[in-house]
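**Q** Chain by chain, the residues:
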Amino acid sequence: MAQKIDQLQKHMLEKIADLHSVPEGAYNIRSNGTLSGRNTTANIDIVSKEDKPGIDIIIKPGTRNESVHIPVIVSQSGLKDLVYNDFYIGEDADVTIVAGCGIHCGGDDTTEHDGIHTFHIGKNAKVKYVEKHYGEGDGAGERILNPTTVIYMEPDSYMEMETTQIKGVDSTIRDTTAKLEDGATLIIKEKIMTHGKQYAETNFQVDLDGVDSTANVVSRSVAKGTSRQVFNSKICGNNKCYGHTECDAILMDEGHVVAVPSLDANNLDASLIHEAAIGKIAGEQLTKLMTLGLTEQEAEEQIVSGFLK
Amino acid sequence: MLELQNICYQVTEDSQDIDILRNVSLKIDDEFTVITGPNGGGKSTMAKIITGIVKPTSGKILLDGEDITDLSITDRARKGISFAFQQPVRFKGLTVLDLLNLAHGEKLSLDAACQYMSEVGLCARDYINREVNASLSGGELKRIEIAMVLARGTKLSIFDEPEAGIDLWSFNNLIRVFEEMRRKIEGSIVIISHQERILNIADHIVVIADGQVSEQGTREEVLPKLLTSSEACSTLMDKVV
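From first to last, the protein sequence lines stand for chains A and B.
Numbering follows the working numbering, in which position 238 of the first sequence is assigned residue number 238; successive positions increment by one, without gaps.
Numbering follows the working numbering, in which position 154 of the second sequence is assigned residue number 154; successive positions increment by one, without gaps.
By construction, these hints were calculated from the structure, which means they are not laboratory data.
Be aware that one or more of the hints could be misleading.
Among the chain A residues that face chain B by a calculated CB cut under 8 Å, a handful are [said to hold, decoys possible]: (1) N32; (2) L35; (3) A42; (4) N43; (5) I46; (6) V47; (7) V230; (8) K240; (9) H244; (10) E246; (11) L251; (12) K288; (13) T295; (14) E300; (15) F307; (16) L308.
Here are the computed lysine to aspartate or glutamate pairs in the EDC-like style, where the Cα-Cα straight-line distance is at most 20 Å [what the hints assert, rightly or not]: (17) A/K126 to A/D108; (18) A/K80 to A/E24; (19) B/K107 to A/E301; (20) A/K197 to A/E298; (21) A/K167 to A/D18; (22) A/K191 to B/D30; (23) B/K92 to A/E162; (24) B/K92 to B/D126; (25) B/K55 to B/E163; (26) A/K132 to A/D108; (27) B/K55 to A/D253; (28) B/K79 to A/E298; (29) A/K309 to B/D210; (30) A/K224 to A/E201; (31) A/K309 to B/D30; (32) B/K79 to A/D18; (33) B/K107 to A/D114; (34) B/K155 to B/D67; (35) B/K92 to A/E301; (36) B/K107 to A/E162; (37) B/K92 to A/D114; (38) A/K189 to A/E201; (39) A/K189 to B/E131; (40) B/K155 to B/D30.
In this text, a Cβ means the ideal position worked out from N, Cα and C, and glycines have one as well.
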């Protein structure tokens, strides 16, 4: 497959996947709705779907210390891109998957990417999934990203999902659902910053179906300008299990955050906890950093970037 | 040298004027000064007035002869004033190393960060990447607070009850830290404290009670009076016995 990575794409790849060149290992680069680069390895196969847009990523059982990058770049104003990516992670595999979408919108038309990612995680497999969303461009067109993540976890599997949206996405609805079997562990860390008039909605639903299944869903967010955020997180404990969900938000300017953590315990041995805290930056934090010689604005920047680190 | 001239600080509570500080005048030279006195006497307020966190109702603050009364917290910090809070602030996300770097003004080498941490009795390896959040105990936070002042290395360092919340073993180290600081920085160290062992290493002692300087002088002059006068400093007596 010919490599067609131009300067803009290169810049976007840096933003969403920390990539400075074509990644090592398996990868699939989707640009403006078409394939612009792919590599497979002996253990990781990537196959285009025939019935709908998207790919199947098939990771052989026992694959260790390999990574898959599947970045998506949309730079064509007005494009509405929809993609289905299905991951099949074999038993005992231990892999890192880096996804992400960058929209560069230079025109006045709404540009949208909706990625639907489904994970089938085999017994005892371990997955680190990193997802970054980023938007930029001078055009007046809205940049919309609606990622959906569906996770099926077989016994004793482990998944850590880091999902980040720091800048430039005008509207996002992020749906994540997970079903965990016996002994499975799911850790989700979400980081969101909205500014201007942006809107971000997050919906997590985790079903702890298996004995000793564990979920920890943690969201940290900052709402600046007149942006709005809604955080819905529901953990259902259907067995002897442990679930924790936490939403921590910093409000700035006229930001608006709604946090709706919800717990549903269907079993006497389900142990579920939720925490939510929303507020402006504490005055004493600013004061402390100012006594170190920072201006108020520098202090604010440090606190926000540390919070979302 | 720091000089306070006729500092007054008044607050209004339930439409009543309350004097927190009344006409406090003080000179603090390049030496080790301990400010002591009963709780509620105005010591912490005075530290906050020196650092710019609280604006005095009237009076002047001079640093090396320059009037800094109207300067911001930031400007005073940049002119060389450091302040270790009595109740350290927690930060979600910022690590111990982040705070040490900010305090130092530039990125510290790992060795240097390690040095500051070990001076306050903490092993850098265990701490520098930890978030300064609720997972740290009060005593750990106090020591990190002191390490930040060490990392700044300014000409005036103010510590508000550094011993509070520190265990005995660390307390011994703390005394050594302050002695070392005096030797290295060659600036002024001001400690607000009730501890006799801290008073014992002071060059100069100032007693603040009821919003006023009730006593000041060399350690030899002031300390014997404090230890015999239960009226002047009953809180001190409670703590040192």
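**Q** Please go over all the hints and tell whether each is borne out by the structure.
**A** These are the hints, each one checked on the structure:
1. N32: For A/N32, the interface hint is violated, since the closest Cβ of chain B sits about 36 Å away, which is over 8 Å.
2. L35: violated, 38 Å
3. A42: For A/A42, the interface hint is violated, since the closest Cβ of chain B sits about 36 Å away, which is over 8 Å.
4. N43: Given a least distance of 33 Å, the restraint on A/N43 is violated.
5. I46: violated, 36 Å
6. V47: violated, 40 Å
7. V230: violated, 21 Å
8. K240: violated, 27 Å
9. H244: Constraint on A/H244 not satisfied, violated at 15 Å.
10. E246: violated, 11 Å
11. L251: Because about 14 Å separates A/L251 from the closest Cβ in chain B, which is outside the 8 Å limit, the hint is violated.
12. K288: holds, 4 Å
13. T295: holds, 5 Å
14. E300: violated, 12 Å
15. F307: Given a least distance of 4 Å, the restraint on A/F307 holds.
16. L308: Interface hint status for A/L308: holds (7 Å vs cutoff 8 Å).
17. A/K126 to A/D108: violated, 42 Å
18. A/K80 to A/E24: Roughly 29 Å between the alpha carbons, so the hint for A/K80 and A/E24 is violated.
19. B/K107 to A/E301: This hinted pair holds, its Cα atoms lying about 17 Å apart.
20. A/K197 to A/E298: Given that 20 Å is the threshold and the Cα spacing comes to 23 Å, the pair is violated.
21. A/K167 to A/D18: Holds, because 15 Å separates the two Cα atoms, which is no more than 20 Å.
22. A/K191 to B/D30: Not OK: A/K191 and B/D30 at ~48 Å, beyond 20 Å, violated.
23. B/K92 to A/E162: holds, 18 Å
24. B/K92 to B/D126: At roughly 18 Å apart (the allowed maximum being 20 Å), B/D126 and B/K92 satisfy the hint.
25. B/K55 to B/E163: Distance ~26 Å between B/K55 and B/E163 Cα, so the pair is violated.
26. A/K132 to A/D108: violated, 24 Å
27. B/K55 to A/D253: violated, 26 Å
28. B/K79 to A/E298: holds, 17 Å
29. A/K309 to B/D210: Status violated; Cα separation ~46 Å.
30. A/K224 to A/E201: Holds: A/K224 and A/E201 sit about 15 Å apart, inside 20 Å.
31. A/K309 to B/D30: violated, 41 Å
32. B/K79 to A/D18: violated, 39 Å
33. B/K107 to A/D114: violated, 41 Å
34. B/K155 to B/D67: holds, 16 Å
35. B/K92 to A/E301: OK: B/K92 and A/E301 at ~13 Å, within 20 Å.
36. B/K107 to A/E162: Roughly 27 Å between the alpha carbons, so the hint for B/K107 and A/E162 is violated.
37. B/K92 to A/D114: Answer violated: B/K92 to A/D114 is near 32 Å, above 20 Å.
38. A/K189 to A/E201: holds, 15 Å
39. A/K189 to B/E131: holds, 16 Å
40. B/K155 to B/D30: Between B/K155 and B/D30 the Cα gap is close to 8 Å, so the pair holds against 20 Å.
The earlier numbered hints that this structure contradicts are 1, 2, 3, 4, 5, 6, 7, 8, 9, 10, 11, 14, 17, 18, 20, 22, 25, 26, 27, 29, 31, 32, 33, 36, 37.
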